[in-house]
Amino acid sequence: MKFRLATVAWSVIYLLLLLTLLTPLKIITVFLLIVPGAVLFSSLHFKGFLIHVIPALLILALLDVYSLLPAIYFLIPSILMGRVYKRGGSSFHALMTGMGVILAELLVVLLVATYSFGFDLSQYLRDQAEITANIVQQILSANPTFSGTNWTAEDTQRLGTMLIGKVPYVLIVTSFLLAVITHALVRPALSSLDVPVRKMKPAREWRLPRALIWYYLLAIVIGWIADSSDSSWIQMVSISMLPLIHACFIIQTIGFIYFWTHSRKMSPVIALLLSLVVLVFQPLRIIGIIDLAFPLREAITRSKK
Numbered sequence: 000m001k002f003r004l005a006t007v008a009w010s011v012i013y014l015l016l017l018l019t020l021l022t023p024l025k026i027i028t029v030f031l032l033i034v035p036g037a038v039l040f041s042s043l044h045f046k047g048f049l050i051h052v053i054p055a056l057l058i059l060a061l062l063d064v065y066s067l068l069p070a071i072y073f074l075i076p077s078i079l080m081g082r083v084y085k086r087g088g089s090s091f092h093a094l095m096t097g098m099g100v101i102l103a104e105l106l107v108v109l110l111v112a113t114y115s116f117g118f119d120l121s122q123y124l125r126d127q128a129e130i131t132a133n134i135v136q137q138i139l140s141a142n143p144t145f146s147g148t149n150w151t152a153e154d155t156q157r158l159g160t161m162l163i164g165k166v167p168y169v170l171i172v173t174s175f176l177l178a179v180i181t182h183a184l185v186r187p188a189l190s191s192l193d194v195p196v197r198k199m200k201p202a203r204e205w206r207l208p209r210a211l212i213w214y215y216l217l218a219i220v221i222g223w224i225a226d227s228s229d230s231s232w233i234q235m236v237s238i239s240m241l242p243l244i245h246a247c248f249i250i251q252t253i254g255f256i257y258f259w260t261h262s263r264k265m266s267p268v269i270a271l272l273l274s275l276v277v278l279v280f281q282p283l284r285i286i287g288i289i290d291l292a293f294p295l296r297e298a299i300t301r302s303k304k
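Last residue of the sequence shown: number 304 in numbering that gives the first Met the number 0, and the count goes up by one each step with no gaps.
In short, the hints are calculated from the structure, not lab data. C-beta: ideal position from N, C-alpha, C; glycine also. No false leads were slipped in.
Across the chosen pairs, the derived CB separations fall in these ranges:
1. S262 with E129: 52 to 60 Å
2. L21 with D119: 26 to 34 Å
3. Q127 with I27: 19 to 27 Å
4. D119 with K200: 40 to 48 Å
5. A103 with E129: 26 to 34 Å
6. L68 with Q156: 32 to 40 Å
7. I134 with M265: 48 to 56 Å
8. F116 with I26: 18 to 26 Å
9. R301 with R3: 49 to 57 Å
Okay, derived cross-link-like pairs now, DSSO-like style, lysine-lysine, Cα gap no bigger than 27 Å in a straight line:
10. K200 with K264
11. K46 with K85
12. K85 with K200
13. K198 with K264
14. K85 with K198
Given the sequences, and given the hints that come with them, work out the whole structure.
Right under this line is the structure:
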């Protein structure tokens, strides 16, 4: 009975969070919307999950049918992260799944906006840079202290280029933040429902799928296509994929460093310092690429024997 009442309570929480999509509170609550769906999917059979979720979605649709789009948007990572928890997957796997799905959805939204509504993100950011430049110029002109300072067209162009270049990192950080918040709240919630959730693996066991090498090659090919394409969406996919994959290689490199220092019985402080070096000098991610492509860890283990 306790379990059943708890899942009903989570469905009520889900409904309340969905209703905030109709209010200004959605700026905050969007960071929590994945949580109830992930908890319900992990703790119930699929039929029970639908029984808890569909009424909340119907109530939202009756109030504002267009709000169903963001509701479904956040329900997809809920289901996929919940699937990882239900199957006993690691916390790291759940985090990477959530981050990857959210990032993919963001790119799909950009695709739909670009080809269905003619939205050009690059041009939009350049326009925003121009608006910002005009405001800055007015401030400089009105203040005698800055009378000798001029904002040039080249400054505006550099600002626009900088904004466009920051988009991939904003997408990646947003996806990661949503996944981390979700996991941080789902894990104790599932524990209270007596649903086991595996702890995060120690850093020395961090290993990403070898298929990441093929994704890296695909990202390079997409980059070549983007260089000769006028499609802002293709360009956005190109500049988003590589930083994400590079981040994965950095994670793999840090995992290898912890594995190597552990196998040599070195202090964890050394592993931490070396990891900080990798974060600062990111070209060192090539170690992670080699670790993925070749059995480096197995070779280290065999050499010790």
